[in-house]
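Now for the letters of each chain:
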Amino acid sequence: MSTHAVYVMSAYLVALVILGGLLISSLAARQRVRRELSARGLERKR
Amino acid sequence: MSGFVALVARDLRLVWRRPGDVAVVLAFFVVATTLFPLGIGPEANVLARIAAGVLWCAALFAALLSLDRLFAADFEDGTLDLLLLAPWPLELAALAKCCAHWIVTGLPLAVLAPLLGVAFGLEPAVLLALSATLLVGTPTLSLIGGLAAALTLGARKSGALLALLALPLCVPTLIFGAGAVEALATGGDFRAHIAVLAALALVALATTPWAIAAALRQAGE
Amino acid sequence: MSGFVALVARDLRLVWRRPGDVAVVLAFFVVATTLFPLGIGPEANVLARIAAGVLWCAALFAALLSLDRLFAADFEDGTLDLLLLAPWPLELAALAKCCAHWIVTGLPLAVLAPLLGVAFGLEPAVLLALSATLLVGTPTLSLIGGLAAALTLGARKSGALLALLALPLCVPTLIFGAGAVEALATGGDFRAHIAVLAALALVALATTPWAIAAALRQAGE
Amino acid sequence: MATPLLEVADLACRRGGRRVFERLSFSLGPGELLALTGRNGSGKTTLLRALALLIRPDTGSIHWQGTDVAAEPDAWRGRLAWLGHLEGLKADLSVAENLLAAERLRGAPPAGDRLDSALVAFDLSVLARRAMRTLSAGQRRRTALARVVLTQAPLWLLDEPLNALDAPAQAAFRGALASHLASGGLAIAATHADLGVAGARTLELGEPQKASA
Amino acid sequence: MATPLLEVADLACRRGGRRVFERLSFSLGPGELLALTGRNGSGKTTLLRALALLIRPDTGSIHWQGTDVAAEPDAWRGRLAWLGHLEGLKADLSVAENLLAAERLRGAPPAGDRLDSALVAFDLSVLARRAMRTLSAGQRRRTALARVVLTQAPLWLLDEPLNALDAPAQAAFRGALASHLASGGLAIAATHADLGVAGARTLELGEPQKASA
Amino acid sequence: MADLHFLANPARFRRFSQRVVPSLSVATALMLAVGLYLALLQSPPDYQQGDTVRIMFVHVPSAWLAMAGYALLAGLGASLLIWRHPLAALMARAAAPVGAGFCAVCLLTGSLWGRPMWGAYWVWDARLTSMLLLFFLYLGHIALSRAYDEPDRGDRAAAILALIGVINLPIIKFSVDWWNTLHQPASVARLGGPSIHPSILVPLLWMAATLFLLFVLLVLLRTDTEIDRRRLENAEQQA
Ligand code: HEM
Ligand SMILES: Nc1ncnc2c1ncn2[C@@H]1O[C@H](COP(=O)(O)OP(=O)(O)OP(=O)(O)O)[C@@H](O)[C@H]1O
Ligand SMILES: Nc1ncnc2c1ncn2[C@@H]1O[C@H](COP(=O)(O)OP(=O)(O)OP(=O)(O)O)[C@@H](O)[C@H]1O
Ligand SMILES: [Mg+2]
Ligand SMILES: [Mg+2]
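Residue numbers (this note's numbering), protein chains in the order written: chain F, 4 to 49; chain H, 316 to 536; chain R, 316 to 536; chain W, 808 to 1020; chain D, 808 to 1020; chain U, 0 to 238.
Calculated directly from the structure, the hints in this document are not laboratory data.
Computed from a predicted model, the values in this text were never measured in an experiment.
The beta carbon of each residue, even a glycine, is placed where N, CA and C say it ideally should be.
It cannot be assumed that every hint is accurate.
[Said to hold, decoys possible] Estimated spans, in silico, between C-beta atoms of each pair:
#, chain 1, residue 1, chain 2, residue 2, range
1, H, 510, F, 13, 36 to 46 Å
2, U, 117, R, 513, 33 to 43 Å
3, W, 875, R, 426, 50 to 60 Å
4, U, 19, F, 13, 30 to 40 Å
Only chain F is shown next, with the shape it has when bound in the complex (with noise of 0.2 Å):
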């Protein structure tokens, strides 16, 4: 890629960490809240 490659690749990154941040955040809350409920013995209703 040429000239603006930077503006290019860093706009891809934001993007990036931005969505992916949505995701790993939610996956990780949802894995937390999940070993909370089990710690409680409420396992998952189906």
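Put chains H, R, W, D and U with the ligands on the given structure of chain F with help from the hints.
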């Protein structure tokens, strides 16, 4: 209807009991406006250029600052329960509170703004226009701000949260308010701007009382 | 001393319980800053010219908005009585409250301001300078604002009154803060401005805790 | 027992996700007083707020003269007098102004000499023009009680009405309550003390399982 | 009577320009309880606030073990436990956090297992982790009483401590007060009800002219 | 009893989401791989904008999704306030940060595009400004829904805000447009016109579909978590 009048009257009487409160909002407006020349520097052409925008922004802040207690005082001392229990529509009560708020802030702000405009070097015609836009625009601010105040009832740190909720919704009013003054100064279409301001006020009038009432009901739970 | 740490810790814990509160103040700062271009118009040269002043004014408002509950919450639920009855100097308690306030507002504001400066088209060096002035200047705002918050305890509509009391006292900080940025941009003496800012902070540190303590005692009567 | 005016059937409420009471039923006729008792946190305040439609019950119904009160909430509100933990009095207004403003907010015409007699009943005449913020805890509570009397509403909902009252004020309250009941009024009062009204019925709220009456 | 620890001489206070009481003198020794009674507005709250140096009396003096308390206000404050009409509890913190924070604010080390026993004493153990704002009136009051017990201060100043408490909580309070007194503590409590402590002295506040004890 | 009532809709939702999420994740990942190839390698540079045109393939879909997200919030708000649909509150709570995230992506990629195209990261242009205000509306919604101790109250307050906000969105957009045309800086370049070349249109639509799937996936995942979290809170309160 008699309840509406009674509520407006009670709020005005409460303000009358402490005339300082209104004075404080107005004084804040004056001080805030004068801060900008201090922060920005004294160049006359820059100041005249930004005057309408700064005055409108300061009016917006002043209106919001005085809004945070609009329902909070009634909420904390239990009067809100009495309003919820009054045998007439809560929407009217919401409107009455906003109405009283406008009388004690919007109206005086509109009167005061031209005096400050002089300090920024505005023309007499522009000063009048400034006053007119504030007169038409501030009811919208009171209504939207009232909604934000009702939504944040019982939430902590409501001062800043209220501003965060209200400011984006007030942007159109700000744009057309400051824009109208600008239009007059630069030969644009002043009338059209004022018409849009009035239309915004009508939209707010038609929607916010219901939303405020809904917010108050759930605050009472 | 342990009481001082305990009080700072308790206040930080109260904030930690609601991390949103800090976010809201910062969001207000961002929203308020963007209002000015909307009111004033989008011309890049005008905006760059007034950027430092606007950002400093917005930081001032954000700090003040978040101050109105600094002592009010403690006052209304009776915790202030407990602080007054604590067997260590009230001056330290006052300092602790202001300290906690600065950690959760002044510090983040200084970090955030350069990002907003970009939207006004400021140069990188100027952005850094802006951050530096805020870092040195905001403690003064927290202290003076704390004094105003203490003085307005028990008064109604304290939001606007607080702003009115605090704003004039904050003017020197504002002038030298915005002035320092300006100086850097126009080749003036940046160092001297920062030195004055630091001196102002020291004066505030040396005087306000006593005044705040006196005001709090007064409010307890 | 008189023909019931108020009928509450199968009421259940939750606060913050916790069930406070359920399957609560009772009815109340003219001239009757229901005293709500029970441990702290048993749901007395919650029940009163549910009756006033200030919180939405989970299940159950409230009928007044046979019609569901939720159908005509404004009419129902017009029949209520409310005294909460918080008094709903403005610190900046005087006692008399507070009472007048409360009356007007209910949409009633200014109270005239009824105001005077309410002030006399609670020994507030000398305080009538004092600002609320300068009153002691009991003086505030007496003002709130005077407001309840002024409403002339058929149903009083009172949350710990005796709080902070001295002995003469408690007697004044008992007198006002007795004459309200004698004239066919109804009252529901949460209390930890004895209300001292002969023939009062009592509803003891307990653990959710136990609550019923 | 035991040797007096607290001596109040010739105290006079005014509120809003009105004289509330004057020429008030009393003394209190270890293990003694002084119940403040009197009509609403007779000055009980005012007296308590004056004793805590929260308001400045017109005339008169307060001595503790023979030294004027105004001379060393911090030391005096360290000897007080305060319970006002307002509880001084943070709605956002839990019961346990509120109690710990209050302890730390007094400069005391964290209470450790004393905290647990205070929670047990007022039946708050199950509520310990609940946020204050979700508690009922009586549950809040019990938390405030637990804070008083935790201070281990020699002098308790209590404004209507029985307000909003149910019968078991009242008993718990009486027990805590009795053991405080038994260990040589002092207490002054404004109240309209009987505190139910044998051998309590009573100071009845009345019209300004009458006040003395 | 009440637990069953509460779980009635969430349980059905959960059965649905459990069936959909695995295949959805796979589909999203595959489409993303293809989309990135199309966007970054296969498509030719634009004759005018050079390689920077590639920013468009994330920028424009995020803008669409950010706007659609707020409409979704308003719809969920209405169904919470009118029908008291218990799932609506949880889904709104889940969707708001996702919408705000896409809004942030649009703003930031736009800024990074603006620097080479306009010479500035930010100009006070109508489209930019109204997008910024949309971001603020999202922030207000998120802050409000979390500002209460009782999550139910936050949900309902935020629902009211979303409804008023969606009325205001067109007003904001329209006013900002008008405002800007008064002082439009001439330098603002704009691709557009009726005919976008297929070599650009195909990757654009492909990425739009991909990001749409990602949006749905995120909302489903987070709603699932919110259901569990609410159950956890209930359990804690009951204890
Ligand atoms: C922070 C800066 C920017 C923001 C917030 C922004 C926002 C938006 C929004 C909201 C849309 C969707 C409009 C619609 O489909 O209705 C959009 C589309 C678009 N933007 Fe941006 N934009 C920014 C910067 C840029 C820059 C610098 C360029 C290129 C020079 C650009 C080019 C485009 C193009 C080509 C479209 C699609 C046009 C169309 O399909 O109508 N944007 N942008
Ligand atoms: N806002 C709230 N959020 C969550 N739970 C609450 C809330 N208010 C009350 N509760 C809980 O609901 C239960 C009933 O409270 P309520 O105030 O009705 O009790 P009460 O019978 O009036 O008690 P008291 O005698 O102490 O006034 C209590 O366990 C309380 O902790
Ligand atoms: N802030 C104030 N300003 C002016 N007067 C006040 C103020 N607070 C109390 N008073 C008056 O001082 C007198 C004593 O009030 P205080 O609160 O001490 O009474 P109290 O004995 O505690 O009564 P209660 O039993 O009702 O609590 C009352 O007549 C009251 O009206
Ligand atoms: Mg109660
Ligand atoms: Mg008292």
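Taking the hints in turn, this is what the structure says about them:
| no. | hint | verdict |
| --- | --- | --- |
| 1 | H:510 <-> F:13: 36 to 46 Å | holds (45 Å) |
| 2 | U:117 <-> R:513: 33 to 43 Å | holds (39 Å) |
| 3 | W:875 <-> R:426: 50 to 60 Å | holds (57 Å) |
| 4 | U:19 <-> F:13: 30 to 40 Å | holds (34 Å) |
Figure legend: structure checked against the earlier numbered hints; every hint is met.
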